[in-house]
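Using the sequences plus the hints, can you model the full thing?
Those sequence lines, one after another, are chains A and B. Quick note on the working numbering: the first sequence kicks off at 1 and runs consecutively. Quick note on the working numbering: the second sequence kicks off at 1 and runs consecutively.
These are calculated hints, taken from the structure and not from any lab test. Heads up, some of the hints might be wrong.
Between beta-carbon pairs, the in silico distance windows are [what the hints assert, rightly or not]: (1) A/S208 <-> B/D118: 15 to 23 Å; (2) A/T171 <-> B/D118: 17 to 25 Å; (3) A/D206 <-> B/R177: 42 to 50 Å; (4) A/N87 <-> B/R177: 15 to 23 Å; (5) B/T164 <-> A/Q204: 57 to 65 Å; (6) A/G251 <-> B/R2: 58 to 66 Å; (7) A/L167 <-> B/S129: 39 to 47 Å.
Some chain B residues well away from chain A (every beta-carbon gap over 12 Å; in silico) [claimed, not checked]: (8) T8; (9) D22; (10) V28; (11) R63; (12) L69; (13) Q156; (14) Y161; (15) T164; (16) K189.
For lysine-lysine, the following DSS-like pairs were computed, each having C-alpha atoms within a straight-line distance of at most 27 Å [unchecked claim]: (17) A/K165 <-> A/K272; (18) B/K32 <-> B/K9; (19) B/K150 <-> B/K176; (20) A/K72 <-> B/K9; (21) B/K32 <-> A/K16; (22) B/K176 <-> A/K8; (23) A/K8 <-> A/K18; (24) B/K189 <-> B/K176; (25) B/K176 <-> B/K32; (26) B/K32 <-> A/K18; (27) A/K72 <-> B/K176; (28) A/K72 <-> A/K8; (29) B/K9 <-> A/K8; (30) B/K189 <-> A/K72.
Predicted, not measured: the structure shown is a model, and the values here were computed from it. Glycine is no exception: its CB is placed at the ideal position from the N, C-alpha and C atoms.
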Amino acid sequence: MPDLSLQKYLLGTLSKDKSTEIELRVMEDEDFAAELLGVEEDLIEAFLSGELSEEDEARFRTDYLITNERIKNVEMTGLLLRHSLENVKLAEVSHSRTDESSSVLQWFSLRMPGLRLAAASLAVIAVVVTSLWFLSRPQADNELIALQNRYERLNQDPSAVSDAKGLSEITLVPETLRSAPSNAALTSRELTEDIRFQIALRPQTDTSASYDVTIYRDTTVVFRQSNITPLSTSVLPELRLILPRQIFTSGNYRAVVTNSTASETVYYFTVK
Amino acid sequence: MRFNSEVTKENFDRLLDWLSDDRGEAGVRFEKIRDGLIRFFRIKGCHEPETLADETMNRVIRRINGLDLTTNARPATIFYGFASNVFLEYCRSEKKRTLQLSEEFEVESPTVPVATTDVAVECLRECLSNLNNLDGDLIIEYYSQERQSKINMRRQLAVQYDMTIGTLHTRIHRIKRILRPCLEECTRKERL
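As structure tokens, this is what we get:
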């Protein structure tokens with residue numbers, strides 16, 4: 001029996017005779033019942049991802065969601081999807097560099113010995129360059145620490161953050177409240193020296209509490225700010241931060257907002 | 001199987017005789033019918049399909065003397081008729097309660113990932129950690145892809161875990177049923 005008939009059965013658009021036929025088969029054929037469970041799973045996921053037509057979505061609500069058990073199942077599926085997709089996203093970010101280096105090694109292993117020699121020479125050069133960088137590293141680190149301290153102090157003054165004019169801005173919204181599926185993005189060549197981040201919090205957020213924000217590029221912390229108080233706006237409470245452009249190179253970023261009582265909220269954005 | 005107090009031994013014997021002349025074979029058929037009823041109530045979206053399957057079996061046994069067992073009707077069709085009535089009664093009792101998706105899921109244009117609270121996510125993590133490793137890994141992997149790529153991934157997953165795709169769907173359904181009470185208990189506690 002094609003999937004479409006099974007989907008129609010679940011949405012209540014199949015004739016009574018055909019529905020009876022399906023239900024009898026469910027009772028007598030274990031494999032068929034398992035197949036129907038798979039179609040049901042696909043239907044739920046299509047509903048959750050907004051892939052159903054308007055008509056089917058309406059039918060899903062009126063003719064499929066007719067028992068509490070089904071409602072709970074849809075909610076749990078949504079939760080599992082979110083959790084699993086978040087896990088995958090994080091794993092992709094942390095593995096992307098490893099994958100890149102493995103594929104380069106694979107490429108070399110398949111090429112001629114001459115290339116391997118060249119690769120070995122490059123490796124020696126890389127070691128020398130890395131050593132030189134290592135010698136100059138304390139100074140670079142000091143610069144980064146100074147930068148972090150400077151912006152941390154700046155962000156402690158809410159009026160300075162809000163009043164600054166002519167800055168590039170990015171608004172981050174929790175995934176659960178976003179209408180667009182894609183991440184927020186910045187284009188590095190269009191950025192001003194300082195960038196204002198507006199991080200929208202959930203509606204029920206405690207605006208009297210203070211929050212910590214940590215920004216990661218892949219798995220590396222690029223900036224950390226503690227004790228910021230949210231601003232109440234007409235839309236959603238938000239955290240505002242000014243951050244230096246120089247800490248943002250192209251890549252995938254996530255901002256993690258925490259406070260002592262609430263669990264963390266993660267925001268994703270990209271710098272192109 | 002839980003027998004109702006109104007079920008008599010005579011009626012039960014009559015049912016088994018109808019299912020087969022051989023008592024052992026009749027017992028096997030009886031269990032198969034019960035399993036079929038559980039699948040029926042599960043696919044109809046009922047809570048505790050086992051209880052409803054037992055209720056159906058009990059009704060058939062109680063009414064066995066009034067049934068025309070001389071026709072060649074498949075036993076499944078007789079049980080199906082009773083099961084449909086049990087299901088209608090179940091729906092009527094459900095309608096007395098409010099059936100509504102949580103507000104978090106009522107987004108204008110639902111997109112994955114759907115709205116869920118942090119508490120629910122935290123509780124899900126905790127409940128997943130209580131599962132055995134195999135079930136925990138399986139359900140996370142099962143939901144780790146979207147759209148077209150998920151179809152291929154689920155096929156691969158079935159091969160990897162040495163099961164048919166149908167068994168995989170059934171297994172996932174079973175794991176979700178294990179997770180549900182844990183999740184409900186955890187979110188209830190967290191919200192207190």
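Violated constraints from the hint list, given by number and in increasing order: Numbers 3, 5, 15, 20, 29, in rising order.
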